[in-house]
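> Each chain is listed here by its residues.
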Amino acid sequence: MTAAAAPLSSERQASRDAFERIDAARWGQADLAVALLALMPHRLKGAIFEGASPELAGLLQDRLAARLGGAALLHRMPISITDDRLVGGLDLAATLAAGRPVAETGLLTRANGGVLIVPMAERLRGRTAAQLARVIDTGDVETERDGLSLRAEARFVTLAFADPDEPGERLPAGLGDRLAFGLSLQGVSPARPRGEALTTEILAAARAKLPQVDVPDELIEALIDAALRLGIRSMRAPSFCLAAACGIAALAGRTTVTDADATLASELVYASRALIQFEAPPPPPPPAPDPPDTNEDTNDASKPQPEPDELTELLVDAVRVRVSLDMAARRQTPRQRTRQEVPAGKSGDMVDSRRRGSRIGARAGDPRRDGRLDLLSTLRTAAPWQRIREMPTGGAVISVRAADFRVKRFRHRSEAVVIFVVDASGSSAMNRLAEAKGAIELLLSGCYSRRESVALIAFRKEGADLLLSPTRSLTRVKRSLSRLPGGGGTPLASGIAAAAQLVRIERGKRKAPHVVFLSDGQGNIALDGSPGRERAGQDARDMARKLKALQEPVLFFDISRRPSADAELISTEMGAIYRPLPIADAARVSRDVRSLLLD
Amino acid sequence: MAIFPFVAIVGQESLKDALLMSAIEPAIGGVLALGDRGTGKSTAIRALAALLPEIEVVRGCPYRCAPAAKIGLCGVCERGERVVAEHMGAPVVDLPLGATEDRVVGALDLERALAKGEKRFEPGLLARAHRGFLYIDEVNLLDDHLVDLLLDVAASGENVVEREGLSIRHPARFVLVGSGNPEEGDLRPQLLDRFGLCVDVRTSTDLAERMEIVRRRDAFEQDSSAFIKDWSKKTAALRKRVVEARARVQTVTLPDAVLAKAVELCMTLGADGLRGELTLMRAARARAALSGETQVSMDTLKSVAPLALRHRLRKDPLDDTDAGIRVERAVSEVFVP
Chain A
1 MTAAAAPLSS ERQASRDAFE RIDAARWGQA DLAVALLALM PHRLKGAIFE GASPELAGLL
61 QDRLAARLGG AALLHRMPIS ITDDRLVGGL DLAATLAAGR PVAETGLLTR ANGGVLIVPM
121 AERLRGRTAA QLARVIDTGD VETERDGLSL RAEARFVTLA FADPDEPGER LPAGLGDRLA
181 FGLSLQGVSP ARPRGEALTT EILAAARAKL PQVDVPDELI EALIDAALRL GIRSMRAPSF
241 CLAAACGIAA LAGRTTVTDA DATLASELVY ASRALIQFEA PPPPPPPAPD PPDTNEDTND
301 ASKPQPEPDE LTELLVDAVR VRVSLDMAAR RQTPRQRTRQ EVPAGKSGDM VDSRRRGSRI
361 GARAGDPRRD GRLDLLSTLR TAAPWQRIRE MPTGGAVISV RAADFRVKRF RHRSEAVVIF
421 VVDASGSSAM NRLAEAKGAI ELLLSGCYSR RESVALIAFR KEGADLLLSP TRSLTRVKRS
481 LSRLPGGGGT PLASGIAAAA QLVRIERGKR KAPHVVFLSD GQGNIALDGS PGRERAGQDA
541 RDMARKLKAL QEPVLFFDIS RRPSADAELI STEMGAIYRP LPIADAARVS RDVRSLLLD
Chain B
1001 MAIFPFVAIV GQESLKDALL MSAIEPAIGG VLALGDRGTG KSTAIRALAA LLPEIEVVRG
1061 CPYRCAPAAK IGLCGVCERG ERVVAEHMGA PVVDLPLGAT EDRVVGALDL ERALAKGEKR
1121 FEPGLLARAH RGFLYIDEVN LLDDHLVDLL LDVAASGENV VEREGLSIRH PARFVLVGSG
1181 NPEEGDLRPQ LLDRFGLCVD VRTSTDLAER MEIVRRRDAF EQDSSAFIKD WSKKTAALRK
1241 RVVEARARVQ TVTLPDAVLA KAVELCMTLG ADGLRGELTL MRAARARAAL SGETQVSMDT
1301 LKSVAPLALR HRLRKDPLDD TDAGIRVERA VSEVFVP
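Protein chains in written order, with this note's numbering: chain A, 1 to 599; chain B, 1001 to 1337.
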């Protein structure tokens, strides 16, 4: 853009101003959320901020700590935190020094009374998130580890920051449901925030006022009804919203909650939870708000819903507007991570399988031969014999013999993720996607004790979309694949690039990615979205080589009527196993994936 | 931490029923609660601790043996040396996901071993859950080998420990309760049907009911002790019903005609093995005892069928029909007047 050369048309200037105002408002709401958390930390539990720049994240954390009385400490949670660091365990060094078990407190216990910061929350392991969720619910940590049985109070405010690769990427294991607020700060620039307006006096006055705040009955009803109409099932959301509305009134020095308070509270609490389809381009004549379409449940739909009253409608509309603004902001902000080429994989992917995966226990063995020494179990084994063993010389406090050695057992294979990459272009798209969907469902329902997860990328028109982020849930597959897009050109290169990127992400999560292509190998859209067979073919081959460099198993189903040279070529470039599949057959795809890739 | 009273939970009737039935007849074999987030699954299960009647135990026994019992006692109580009885709250043990195996099954007492060189067994969570409930939230995220272990112990009623030179067995009879959200990942089918009852937990979409839920929650958070006190009478009344039902459940009769229908129902649904029939019978008896009946009626059988059978159907990945609806369909087929 050359702003200096041509003055901005007044129309564009106006739209820019509007965006700036909206951004200022979005920051204002984030700031308000943090003020409310300081006001009622135990009721509201925390917030998730999406797409916040590091500066804004830092500012929010500092403000919350300051408002909680300054003494509140910030505790950062690394996403790869181990269970013993999280909930506590045995402090081995201290145990050996003291000659008796000494416990080490975990992060969650230390965070008591303070603020827990969870960066990159979208990449949190399900298990870690579930443990955090439970502590948020109960307010205490129960440690049952390494012979220790402890219980400690752990009440803290959680500030989670997520930077989803794809809009709508889910936070694991219900963490989002347990935190009152979910706000997007995508594209809000760090320069915008103003100074601190909330004085300690205002906060103290609000705290004193809070017990007297009264909510009119019809407002409670509207808040709950609005949640229902936005497709929010969890009962935590309306509770949070009600509490937030009271907090907003108290901050304003009022003892009665007004409609405006309720509107603001709904935006803060409901927008991130609402189940509204704004992803698709809005249809030309916007149909009147049609509540039943947000409810997929058959038993819900059969129940005719009464007309919403005026107040409910006001709340629902406010949330809808907020959701569409967030969507717009997401589109405005260039997605840097998607296009940017990540350096080819390294960072410890090639770890010996004996040392990889999650620990599942210990067994007797020789650490030089059988893998990593499990120090704790070894000491535990040696411990009972100390009285009768001769003490070694040289100041050692414990006598360990070869027979005491224990080695860690890991789950043999790390969890597999099967990434389906499907050509959704042209007229036969629906057919092919339906086959892919069938194969995914068969694969998932067939994996009994196995624990594979499945993802689906479809490419069509100008690019590739992640239609289904890795999941093991058949329920989710059915929900998200019920409406699949199709048609348009064939951006094969983008499809391969998206697959390679997902492979890297999944490897980062210590999963074992496998890629399955369903394509005829003939792209006609280049990586940058421009049409043209030649560029498209070149880009596709480049991307295929990049995928091959990642050295993960790939299976290529050639879905053209007659096996084609193009498909075989691209398949070779990506180092894939090539299989012609002239007739669509979900059962065969699922069978081949199992026998060729997974077993 | 104050516990939300069981009787103040709005809706969720099948979950509450399933838990009460298991409290009356532990042989039903546990409860699996699957459903959306924020439906109060955990609330209901954790509330059990404050609802269930106290149990009588031998003082000083780490395994909580019953003073009056003759069989299924721990090694020490078997010799009959201890006789002093005391009361304690019914155990409801909440198994944390991060628990290690040694704390679940019990292990060598490290403190004693390090300090005195003494080999002593430190009982784990399984011992603590004896005669009560063991609850695992997000059961689909627990390590597979731990889940298998728990199911084995729950089925056999005895915990056998062979580790670190220890060889111990002690009674561990508990009702295993698991909860999870199917959207976070499906459960392995062989795990599914080892739970006696399976409840599909959904949030209510009734506005009035949802308002009541939010109101009660709000009142509880404002002043939990006053809230608990307000509900104490109802809690006591339900507790009394559970005690009476427990005394009565073994004498509830099951007419042959009802049993025949139960078998027919399982056959229609193609539920594997005998576990379906057995659970169905036990659940029907417990339900009858809870409502003060002395005999299982056809209606009682019908009402427990979805809970006892919905997770035992053969899975067809391409059939989207809800399992509960399939059971209800079979019920209406079998019970043609």
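Be a bit skeptical, because a hint or two may be false.
Said to hold, decoys possible - Listed below are the simulated EDC-like cross-link pairs for lysine to aspartate or glutamate, each with C-alpha atoms no more than 20 Å apart in a straight line: (1) A/Lys209 - B/Glu1221; (2) A/Lys509 - B/Asp1143; (3) A/Lys478 - B/Glu1221; (4) A/Lys478 - B/Asp1143.
To be verified - Quick look at which bits of chain A chain B covers, simulated, 3 or more residues with Cβ under 8 Å: (5) 57–69; (6) 232–243.
Hints in this document: simulated from the structure, not taken from any laboratory.
Glycine residues also receive a C-beta, built at the ideal position from the N, C-alpha and C atoms.
> Could you run down the list of hints and mark each one as holding or not?
We went through each hint and held it up to the structure:
1. A/Lys209 - B/Glu1221: 17 Å, holds
2. A/Lys509 - B/Asp1143: Holds. A/Lys509 to B/Asp1143 sits at ~17 Å (cutoff 20 Å).
3. A/Lys478 - B/Glu1221: Violated - the C-alpha atoms of B/Glu1221 and A/Lys478 are around 38 Å apart, more than 20 Å.
4. A/Lys478 - B/Asp1143: 26 Å, violated
5. 57–69: violated (count 0)
6. 232–243: holds (count 9)
When the structure is compared with the earlier hints, violations turn up for hints 3, 4, 5 and for no others.
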